[in-house]
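Hey, can you work out the whole structure from these sequences and the hints?
Residue numbers (the working numbering), protein chains in the order written: chain A, 1 to 284; chain Y, 1001 to 1284.
Honestly, the hints are just simulated from the structure, not real lab data. The C-beta atom is built at its ideal place from N, Cα and C for all residues, glycine as well. Honestly, I wouldn't trust all of these hints.
Said to hold, decoys possible - Examples of chain Y residues lying across from chain A (beta carbon under 8 Å, computed):
id	residue
1	Ile-1005
2	Thr-1132
3	Val-1137
There are 2 protein chains.
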Amino acid sequence: MLSTIQVLRRFNRTYTQRIGVLDESFLGLGLPLSSARLVFEIGAEGAGVGDLRSRLGLDSGYLSRLLRSLEERDLVTVEPDPADRRRRTAILSPSGRRLLEQLEQRSEDLAHRLVAPLTERQRARLSEALGTADLLVRAATVSLDEVDPAGSRATAAMGHYFAELDRRFPGGFDPGAPTPPDSFTVATSDGRPVACGGVQQIGAGIGEVKRMWVDPAWRGAGLGSRLLRHLEGVAADAGHRVVRLDTNGTLSEAIAMYERAGYTSIERYNDNPYAELFFEKALP
Amino acid sequence: MLSTIQVLRRFNRTYTQRIGVLDESFLGLGLPLSSARLVFEIGAEGAGVGDLRSRLGLDSGYLSRLLRSLEERDLVTVEPDPADRRRRTAILSPSGRRLLEQLEQRSEDLAHRLVAPLTERQRARLSEALGTADLLVRAATVSLDEVDPAGSRATAAMGHYFAELDRRFPGGFDPGAPTPPDSFTVATSDGRPVACGGVQQIGAGIGEVKRMWVDPAWRGAGLGSRLLRHLEGVAADAGHRVVRLDTNGTLSEAIAMYERAGYTSIERYNDNPYAELFFEKALP
DNA sequence: CAACTTGTCTGACTGAGGTCAGATAGATTG
DNA sequence: CAATCTATCTGACCTCAGTCAGACAAGTTG
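The following block contains the structure:
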C-alpha cells in the first residue's frame, strides 16, 4: 500500500509529463509562454499591475517589460487608476481579447484530446477523481492569516458571515454595530476569503470563538476543523484555559463539527438573542 | 455539472499553482532544473543516453552537453556499451548518488508539507483520487505505434506475451519459431511496452488478430478495448472485411473483452494446439 | 570493402526568463 | 512643504534551455 506522499509524487511525475503540456498549449501563437500566461491572467476584466505581480509571482521590472511588449503588439492597454494615480490597471484591447479566446480554445482542445481515448465511464471516473483531488489540494493549501480585526480583510470576510446568517435565519439577522474581536483569522484561497473566525476574551482565562464561518462551497473539506484548531491555538497563546462559543440551532453542520472537535454543551453564558446553543472546551 | 474537460482545466490551474512546485524542489542544490531532472532520470541504476533522450524529450546535442557538465562536477560517468560501442551509458558516481538522495528527500519533504494540513481520512481520499486519476491519465496517454513486425520493439513486446502464456498455461507455452505477422502494434508508456497485438491475413478478406497482450498492471483501464479497436482499424485498412481470433479458456478477462467488443463465437478455423475458443467480428 | 546508417558529440547561436540597482511620479505624513 | 513612502518603470546584465548543422566513430548491408 502506497502512502499518500508516494501517490502524490507518482502522480506528479505522470502529470508533469502528460498534462503539463496544457500550459504549453499557450505557445505557438507567436507569444512566449510567460506573456501568454499574463494575457490569461489579465483576463477579460483586466487587472491591476500589483495584483498581477503577486498572482504570477513576477519581479516588478520583468512584469513591466512584459506589459510593454504586450502594449507594443496592441494586445493590452495600461491605464492609471483614477483613485491612486501611481497604480495602473492592465486591460485587454479588442485584439488581446481575441487572443485570449484563442488561448482558451487551445487549452480546451488539448484537454479534449487528452480525454478523447477514454470511454464515457472512464471520463466520469476521471472527473470525479480530479474534482476530489482539486478540492482537497485547495483545502490543504488554504492559508490562515491573522489579520487586523478592524481592517478591510476582516470586514470583508465578516460580511460573508453576516450575509449567510441573514439568509439562513427565519427572521433575518442584524449584526448591529459589531465590535471587532481581540484577534481575527481569515482563510484565503486564490485571494478570496473562504473562511474566518475571531477570538475574544470574555472573562479571566476564558476565550470565545466568534463569527466563525466557512464558505458553503468549501464545507466537507475539513477547513472548518482546521480553522477551529487554529483559533484554539490563538486562544491558548492569549493565555486562555477554556474556549466557549454560542450558535444557532439552524447551523447544523457547525454544531456537528463542534461536537466532533470535543466541545460539550453548557448553559447559556450570554444574552445573544440569536444564540440557542452554548459550547465549551478546555484547552490542553 | 461540469464536463470532464472543465474539471481537467480547473484542476490543471490548481495544480500548476500549488503542486507544480514539487518539481522546482530540485532547485537550490546548485544545479539547474534540467540537470537535476537528468540526475533523477539516470537514477541509481544508470541509463543509456538514447534512452534518456527519449524519456526526457531532449535534443541530442543538449543532452550531451548536460552530461558533460555533470561529468565535470563528478556526478556522473559515461561509458560505452560493450555490445555496441556507439551507445553509451550514464551512471551516477558516489557523489551523484548522494545528490540523488538529497533530491528525493526534498521532493518528499515538499509532498509531506503539502498534505500535512489534511486529516488522515482526507489523505486517504486524496490518495485514492490521485491514484485513479494517475491510472486514467496514463491510460489515456498511451501511444499506439505500428512497428516493424520483425523489429526489436515487436520482439520485446511479444516476449512479454509469450512469458505470460508460459506462466498461465498449465503445461507452459512453447512459441516455437514464430513468424512475424503482417503488421504489429505496440502500446508504450514511459518507454515500456504495456500492450501489443498483430494483424495477419489468413484468407481472402479475412484478417486475424494475433498475439494480443495487455500488461496485467494495466488491465481495467480500457487499454485492451482501445488496442482491439485500433487493430480492427488496421485490418480494415488492409482491406479485410472480417477479423477472427483464437484464444485459450484460461484467458478469461480477454474473452470477456472480446464479447463486449461484439465478437461472436465460431467453429475452430486453425490447428493451433493452444487455442480452444474462436471468435469473429464483421468490420463495418 | 565501399556506402550507408546509427548514436553521440562539438560549435555556434538564439530567445526566454529573470535579477538588481536605481530612476521617477504620485501619495502620505509630520 | 519637505521628507518619506509606494507603485511602477528603465537599463544593464546573466543564466538556462533549446535548436541546428555538421563532425565523427562504430556498426550494418549489398
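Problem - Which numbered hints fail - result: none
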